[in-house]
Amino acid sequence: MHSSGFPELPSPSRRRFVTGLAMGGVAAGLGLLVPGKGWASPSQGQLSVLKGTDLSLEIGTSTVNYTGASRIATTINGGIPGPLLRLKEGTTATLRVTNRLPTSTSIHWHGIILPSDQDGVPGFSYKGIEAGETFVYRFPVRQSGTYWYHSHTGFQEQTGVYGPMVIDPAGPERYPSDREHVIMLSDWTDMDPERLFLRLKQQSDYFNYGKPTAVDFFRDVRSKGLGEALSMRRMWNSMRMNPTDFSDVGAAAYTYLMNGYSPSGNWNGLFRPGEKLRLRFINGSSSTIFDVRIPGLKMTVISADGQDVEPVPVDEFRISVAETYDVLIEPTEDRAYSVFAQSIDRAGYTRGTLSPRPGMEADVPAMDPRQWLDMRDMMGAMGGDTSGPGMAGMDHGSMAGMEGMDMSGMDHGAMDHGSMAGMVSVRHAKTEYSPAVDMHVDMPRTNLDDPGIGLRDNGRRVLTYADLHTVGGSMDEREPGREIELHLTGNMERFIWSFDGVKFSDAKPVHFRKGERVRVVLVNDSMMNHPIHLHGMWSELETPEGAFQVRKHTINVQPAQRVTYAVTADNPGRWAYHCHLLYHMEAGMFREVVVS
Amino acid sequence: MKRIRKRLVATALLLASTSPAWAQEMIMGPMQGGKAPADARSPDYSDGVDYGDMTGMDMNDSGPYRMLLLDQLEAVHGRSANGQSWEAQGWYGGDIDRLWVRTEGERSSGRLEEADVEALWSHAVSTYWNTQLGARQDFGTGPNRTWAAVGIQGLAPYWFETEATFYAAAGGRTAARLRAEYDLLITQRLILQPELEVNAYGKADRRQGTGSGLSDASFGLRLRYEIRREFAPYIGIRFIDRFGRSADMARAEGQPVFDRQVVAGIRAWF
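These protein sequence lines map, in sequence, to chains D and V. The opening position of the first sequence corresponds to residue 2 in the numbering used here, with each subsequent residue numbered one higher. The opening position of the second sequence corresponds to residue 2 in the numbering used here, with each subsequent residue numbered one higher.
Just so you know, the hints here were simulated from the structure itself, not pulled from any lab data. Please note that a few of the clues may not be correct.
As a list, the in silico DSS-like pairs of lysine-lysine whose alpha-carbon atoms are at most 30 Å apart [what the hints assert, rightly or not]: (1) V:Lys36 x D:Lys431; (2) D:Lys52 x D:Lys128; (3) V:Lys36 x D:Lys509.
Taking CB as the label site, the calculated pair distances span [to be verified]: (4) V:Pro234 x D:Ala215: 52 to 62 Å; (5) D:Asp507 x V:Ala269: 47 to 57 Å; (6) D:Val365 x V:Ile267: 57 to 67 Å; (7) V:Ser63 x D:Glu90: 33 to 43 Å; (8) V:Asp59 x D:Ala215: 39 to 49 Å; (9) D:Pro573 x V:Asp59: 42 to 52 Å; (10) V:Thr188 x D:Pro274: 17 to 27 Å; (11) V:Trp87 x D:Ser426: 45 to 55 Å; (12) D:Val365 x V:Asp59: 14 to 24 Å; (13) D:Thr95 x V:Ser43: 38 to 48 Å.
Small disclaimer: the values here were computed from a predicted structure and weren't measured. Beta carbons: idealized from backbone N, C-alpha and C, even for Gly.
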């Protein structure tokens with residue numbers, strides 16, 4: 002691995018870590034270039050834009066200061082994020098990437114369907130880009146939408162090597178807008194990510210400052226009684242699991258960024274009241290799942306992972322790591338709006354402002370209270386009647402925790418899995434019974450209409466995967482010829498992450514036969530979300546009944562959930578397949594997929 | 002004083018016998034741990050395809066990793082003497098196999114009273130448990146014995162960090178040590194740590210001042226404040242009690258059988 006040689010984390014001043022500095026950002030100055038789209042004024046905080054078919058990127062180092070301490074970041078063209086690459090469908094893109102770092106680097110074009118040797122994964126597509134070298138990527142652009150790009154080398158993604166990419170369609174946009182903003186969310190840490198990873202190996206709850214405490218216990222005793230306060234903790238504690246383990250890395254290490262601005266920095270995007278705006282959200286974080294909303298505005302989701310979907314009006318959406326969502330908004334009032342993105346662990350947030358004039362500010366909402374993972378997140382379909390469709394409206398609020406569930410009366414072995422209507426039993430791999438795995442979900446939930454922990458029954462209309470319908474349906478109507486079942490496994494205490502209990506370094510490749518339509522079955526045998534990304538080919542998510550749902554490049558699998566998706570294996574080569582939480586990937590939650 | 006001793010023993014027994022926890026573990030068996038069922042599938046989807054001439058991603062998934070934990074580095078104020086005491090461990094290796102070194106000891110009135118160092122091969126055998134195999138060397142005023150050591154170490158249900166080690170030395174000597182500790186979070190940074198250690202011996206050792214059977218137990222309560230995760234000052238109390246022949250021998254030497262100490266120190270790790 003390539004040490005970036007960062008100094009130690011200074012004694013943390015929480016406020017600074019949460020909100021960052023007012024100035025912050027890359028010292029060299031963020032680009033203020035304006036795309037040729039008739040902006041009202043050269044507005045503050047626009048990403049620098051590279052547009053065309055022959056573009057050059059330089060990866061080097063820059064000094065940044067988000068927390069009051071200067072750090073060396075690895076950056077693309079000197080900025081965090083890197084420049085917005087604006088390509089056009091139907092052209093051939095030539096992207097020249099020069100490495101000005103003293104170590105090897107790489108750029109992967111996330112979600113782009115291209116030849117394997119242009120995919121930018123060192124050790125799979127090519128050997129990487131050595132210090133001082135320029136690698137010229139060249140590939141036909143056959144899709145449109147919102148994507149991104151990032152280093153696939155070591156921890157460089159965490160230290161700044163990422164940027165947004167927008168591909169304009171060959172024809173007109175399906176959902177035209179008057180103006181658009183790219184909003185790239187990310188997480189920054191002053192810690193050397195190698196040290197951060199070591200800390201997770203040494204003490205996996207190192208960054209969790211939201212663990213249940215004795216103070217919480219006595220509060221629960223007062224409000225719920227002793228019996229319930231004890232019983233809601235019993236199973237967690239007996240299993241040695243933490244009900245607030247949402248993120249491995251939280252605000253204790255992270256400052257959350259919007260287009261490279263900390264919350265204090267307050268990224269600002271402009272609009273004219275009455276305009277229709279398209280916001281292209283990209284989660285370029287290493288380890289942070291965000292919940293996004295714009296208080297006072299309805300958002301209409303029109304695209305997921307670059308693929309147009311039937312419009313869905315929502316108040317809020319969860320964007321897992323590496324996902325992209327495009328939304329339309331129509332602000333009519335002459336006022337500022339906060340774009341608010343809180344992390345899934347409710348330990349921090351980032352925000353920016355949309356306003357008619359520069360420098361305005363709107364109220365920033367308080368973060369939602371932290372909820373405990375509930376039975377569904379631990380036991381899937383056994384944790385509540387959520388396996389069938391249309392159950393999302395049920396009130397599970399009273400189930401936060403374990404109250405009332407007496408597990409000692411349950412005998413998993415004696416239950417007849419087959420006879421339980423609507424439930425799906427799973428096939429665990431024989432390698433899942435090892436020290437690398439801390440739990441097995443025998444009857445996962447399969448419904449896609451659960452917005453996930455922290456968003457359930459919050460009074461807002463929250464997007465779920467069940468809402469997403471790709472315009473035009475599936476690209477391959479064939480019924481998958483076979484199934485490949487993989488389980489998402491981990492040991493949260495030892496911080497081991499894997500598929501089927503086998504880490505990448507111990508695993509064999511997964512083989513897709515060229516041309517086949519194959520169904521991938523993912524079962525999450527853990528209590529964390531995992532955004533699973535297959536390179537080179539689309540993942541067509543299916544409904545619990547096996548019908549086409551939505552086409553994506555990154556599929557977030559919720560705790561104790563089973564999802565299936567179909568892949569058309571038409572792109573030969575060696576492809577990376579992994580959890581996009583950087584520290585899970587580096588810990589071993591990674592496979593090579595070979596199409597041949 | 003008698004009452005405190007009774008309570009100490011009762012607490013010791015409660016902590017030592019985690020039987021309700023074990024029972025729970027058995028019930029939760031299907032969700033955690035267990036053996037692969039006969040019809041468990043293979044994780045191999047390679048159809049014989051291998052990695053070929055590409056190197057594959059350069060990842061961090063096989064280590065080595067490391068840790069050095071100074072769990073207790075403290076000044077001790079007891080009724081009979083003042084001194085210092087420590088308890089530390091370190092490990093180096095991958096996820097499954099690690100070199101594990103631990104040491105504990107105490108100085109009193111400027112003299113090394115007793116100390117030991119263990120070097121163990123730690124091997125992960127289940128989700129939360131490691132087996133440990135190696136050797137222990139004693140130092141201090143007593144006989145500096147060398148022991149073979151075999152034990153288990155891990156996280157018991159309800160988050161008890163637990164070590165149970167059996168020792169064998171020349172002359173048919175055997176010994177056992179059980180240690181358990183727990184982190185009670187009062188707040189996210191203020192943490193009360195009860196710790197129990199019990200020693201037992203297979204036969205009496207006059208030079209060491211221990212009788213056969215249960216020899217001594219100590220129970221500590223340390224309240225630490227994590228200024229950062231890696232660094233926490235603490236204050237605490239510690240009760241030490243000797244039993245049976247060990248107590249008689251201590252009495253005969255004019256040593257206290259029961260001691261109550263006030264401790265202050267730091268917990269740090271790297």
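Right, here's what the structure says about each hint:
Restraint check for Lys36 of chain V and Lys431 of chain D: satisfied, since their Cα atoms lie roughly 8 Å apart, inside the 30 Å limit. Distance check on the hinted pair: Lys52 of chain D and Lys128 of chain D sit about 28 Å apart at the alpha-carbon level, within 30 Å; holds. The hinted pair formed by Lys36 of chain V and Lys509 of chain D meets the criterion: a straight-line CA distance of about 23 Å does not exceed 30 Å. For the pair Pro234 of chain V and Ala215 of chain D, the supplied restraint of 52 to 62 Å is violated, since their beta-carbon distance comes to about 20 Å.
Between Asp507 of chain D and Ala269 of chain V, the C-beta spacing of about 34 Å breaks the proposed range 47 to 57 Å. Taken as a hint, the range 57 to 67 Å is violated for the pair Val365 of chain D and Ile267 of chain V, whose Cβ atoms sit roughly 39 Å apart. Between Ser63 of chain V and Glu90 of chain D, the C-beta spacing of about 42 Å keeps the proposed range 33 to 43 Å intact. For Asp59 of chain V and Ala215 of chain D, the Cβ-Cβ distance of about 44 Å falls inside the hinted range of 39 to 49 Å, so the restraint holds.
The beta-carbon spacing between Pro573 of chain D and Asp59 of chain V, approximately 24 Å, falls outside the hinted interval of 42 to 52 Å. Between Thr188 of chain V and Pro274 of chain D the C-beta distance comes to about 47 Å, which lies outside the given range of 17 to 27 Å. Between Trp87 of chain V and Ser426 of chain D, the C-beta spacing of about 52 Å keeps the proposed range 45 to 55 Å intact. For Val365 of chain D and Asp59 of chain V, the hinted distance range of 14 to 24 Å is not satisfied, since their beta carbons lie about 41 Å from each other.
Between Thr95 of chain D and Ser43 of chain V the beta carbons are some 44 Å apart, a value that agrees with the proposed interval 38 to 48 Å.
Against the hints set out earlier in the document, violations occur for numbers 4, 5, 6, 9, 10 and 12.
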